[in-house]
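First residue of the sequence shown? That's 1 in the numbering used here, and the numbers climb one at a time after it.
In silico SDA-like cross-links for lysine to any residue, where the CA-CA straight-line distance does not exceed 25 angstroms:
(1) LYS75 to ASP38
(2) LYS75 to MET14
(3) LYS34 to SER95
(4) LYS75 to ARG20
(5) LYS75 to ARG9
In short, the hints are calculated from the structure, not lab data.
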Amino acid sequence: MYARNISFRLKSNMQSDYTRTFENQILPMLRKQKGFKDEITLCNTGSQDAVSISLWEHKNNADDYNTNTYPEVLKTLAKVIDGTPRVQTFETVMSTFHNVAVAV
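From just these sequences and the hints, can you work out the full model?
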């Protein structure tokens, strides 16, 4: 498995807008991508810092997404993200993540 770790700053008071945009527009795009496995987004209430981790079956799946779809994702999120996100990629060494329920 392969992971893309994206660190970014949300514009002031935009966390709920980010969440709504991600759920309604970005997640459907991700689910259509070959090799996409899962997405984890982390935000702290009261902070503009956020992290988004996507998990991919293979590195080439993540690379294809990065080249073909990620630019569109950035355009969609431009209204809620401040600055340019920092993207890092990793080989997944170990994971215990399996159908974990997330508090809303």
